[in-house]
Each structure stands twice: as C-alpha cells, then as structure tokens.
Amino acid sequence: EAGVTQFPSHSVIEKGQTVTLRCDPISGHDNLYWYRRVMGKEIKFLLHFVKESKQDESGMPNNRFLAERTGGTYSTLKVQPAELEDSGVYFCASSPGLAGGEQYFGPGTRLTVT
Amino acid sequence: QKEVEQNSGPLSVPEGAIASLNCTYSDRGSQSFFWYRQYSGKSPELIMSIYSNGDKEDGRFTAQLNKASQYVSLLIRDSQPSDSATYLCAVNSNTGKLIFGQGTTLQVKP
Chain A
1 EAGVTQFPSH SVIEKGQTVT LRCDPISGHD NLYWYRRVMG KEIKFLLHFV KESKQDESGM
61 PNNRFLAERT GGTYSTLKVQ PAELEDSGVY FCASSPGLAG GEQYFGPGTR LTVT
Chain B
1001 QKEVEQNSGP LSVPEGAIAS LNCTYSDRGS QSFFWYRQYS GKSPELIMSI YSNGDKEDGR
1061 FTAQLNKASQ YVSLLIRDSQ PSDSATYLCA VNSNTGKLIF GQGTTLQVKP
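Sequence lines, in order, name chains A and B.
Under my numbering, read the first sequence as residues 1 to 114, first letter to last.
Under my numbering, read the second sequence as residues 1001 to 1110, first letter to last.
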C-alpha cells in the first residue's frame, strides 16, 4: 500500500509569489490533514478534510491560505501571496475511519520564502 | 502553559539501556495519544498509539498513559543507535487534529 505522498518536496519562492502544494493521501482514507512546522517550533495543525468537506480549518493562519480537496481524493494548499513567515515544512497526513484515529504522515514539502 | 509539553533534551542513553520519554498534556478531554519518531529531515513516523489508561507494549516499545495525571510516556528497551531521533508526543481530543509537543531528542551512544 502506497503511503501519503506530497509534491513538491522543496519549493523556493520570492515574497509575493504564489505556491501550490499537493498531497495524495493513502487510498481509501477519508480524513486528510495539513500541518506545518516552522523552524524551532512544534508541528501545528492547519486544517482537516473529511472527504471533500472542510471539517476544521481553525489552524489556517489567514486568508492567504486556501485548501481544497475536490472529489475527496488529493488535496492542494495554495499560499497567495507568500510572506517570509510562511517558510517551514508543510506536512500532510491521512487517516481512515473516524477522526481521532492514527494519522500517517507524508514526507512534507519544505517551503522557503525569500 | 503549552498544551503538550515535552523535555526537549537531548536525552542520552548508552546502547542497551532503557530510554524513558515523558509527555504531559493540558486538555482533560483528550482521548487518544500517539508517539511519533522523526529522523532529521524526515516525516513523523507513527510508532505507538494508546487510548486507555495503563501500559501498551509493542516489541521494544511500551507506551504508558495516566489520564488522571495527564501524563503519557514511552519506554524504549534495549536502546539501539538506530533509535536516535526526535520523539514527538501528540494528543487528539477526537476532533481530529493532533496537538504536538516540541519533541525530545534521544541519543543512543554505542
């Protein structure tokens, strides 16, 4: 069984540009989560999809961040326009069944905003 | 007070010893608890989950949960140099989102 995949693995963009991150969850996992780790800080929750619906987006920092999961399969996270403080590693995770169960993480996308 | 607290370490143990990693959490409504291992530059890898008070053993790993004390621990028996990594404690209140601690760095010396 393939794990969670993310693309790209690394992105370097200038302040003000747009970047789109992609996550493909484990097949059959209805729950998809986005997290972010800023250097020196703990991993922080961004949002949670159940199939194509946003269940919880309380962790999204501001309206420069837009997440979608059309069709309930893969998800994208767009940052527009990017700011310096958006730099960090963005992880995607997925889990089957009910929320509260085990989450499996992808390799992450390292975003550097210069 | 942080929601999930861990000693950042580093915790250094000799090869073959027991490594003990600790975590406290503030939300009494928390229902599920996880330990992830993260090697430098890699993604968090789930190694243990625990949902009820007591001990849960899986190979060399034992997770312990005490909800009254709001305390979770991870014991690694017969520590190996390959166990050297950052161990992340994560707590879920069954809403879905995980709350992570900052992680404890473990160094196992040959």
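Calculated from the structure, these hints are not laboratory results.
It should be emphasised that the depicted structure is a prediction, and the values quoted were computed from it without experimental measurement.
Among the hints, erroneous ones may be present.
In silico DMTMM-like links for lysine to aspartate or glutamate, alpha-carbon gap of 25 Å or less [said to hold, decoys possible]: (1) Lys1042(B) - Glu85(A); (2) Lys44(A) - Asp1078(B); (3) Lys1067(B) - Glu42(A); (4) Lys41(A) - Asp1083(B); (5) Lys1042(B) - Glu102(A); (6) Lys44(A) - Asp1027(B); (7) Lys54(A) - Asp1078(B); (8) Lys1002(B) - Asp24(A); (9) Lys1002(B) - Glu102(A); (10) Lys1067(B) - Glu68(A); (11) Lys1109(B) - Asp1027(B); (12) Lys1067(B) - Glu102(A); (13) Lys1056(B) - Glu57(A); (14) Lys51(A) - Glu1045(B); (15) Lys41(A) - Glu1057(B); (16) Lys1002(B) - Asp56(A).
Across the chosen pairs, the derived CB separations fall in these ranges [to be verified]: (17) Tyr1051(B) - Gly59(A): 17 to 27 Å; (18) Pro1014(B) - Asn63(A): 45 to 55 Å; (19) Gly28(A) - Pro1110(B): 40 to 50 Å.
Just so you know, even glycine gets a beta-carbon here, dropped at the ideal spot from N, CA and C.
Results for each hint:
no.: 1; hint: Lys1042(B) - Glu85(A); verdict: holds, 21 Å
no.: 2; hint: Lys44(A) - Asp1078(B); verdict: violated, 32 Å
no.: 3; hint: Lys1067(B) - Glu42(A); verdict: holds, 23 Å
no.: 4; hint: Lys41(A) - Asp1083(B); verdict: holds, 22 Å
no.: 5; hint: Lys1042(B) - Glu102(A); verdict: holds, 18 Å
no.: 6; hint: Lys44(A) - Asp1027(B); verdict: holds, 16 Å
no.: 7; hint: Lys54(A) - Asp1078(B); verdict: violated, 43 Å
no.: 8; hint: Lys1002(B) - Asp24(A); verdict: violated, 31 Å
no.: 9; hint: Lys1002(B) - Glu102(A); verdict: holds, 22 Å
no.: 10; hint: Lys1067(B) - Glu68(A); verdict: violated, 36 Å
no.: 11; hint: Lys1109(B) - Asp1027(B); verdict: violated, 35 Å
no.: 12; hint: Lys1067(B) - Glu102(A); verdict: holds, 19 Å
no.: 13; hint: Lys1056(B) - Glu57(A); verdict: violated, 32 Å
no.: 14; hint: Lys51(A) - Glu1045(B); verdict: holds, 23 Å
no.: 15; hint: Lys41(A) - Glu1057(B); verdict: violated, 30 Å
no.: 16; hint: Lys1002(B) - Asp56(A); verdict: holds, 21 Å
no.: 17; hint: Tyr1051(B) - Gly59(A): 17 to 27 Å; verdict: holds, 23 Å
no.: 18; hint: Pro1014(B) - Asn63(A): 45 to 55 Å; verdict: holds, 51 Å
no.: 19; hint: Gly28(A) - Pro1110(B): 40 to 50 Å; verdict: holds, 42 Å
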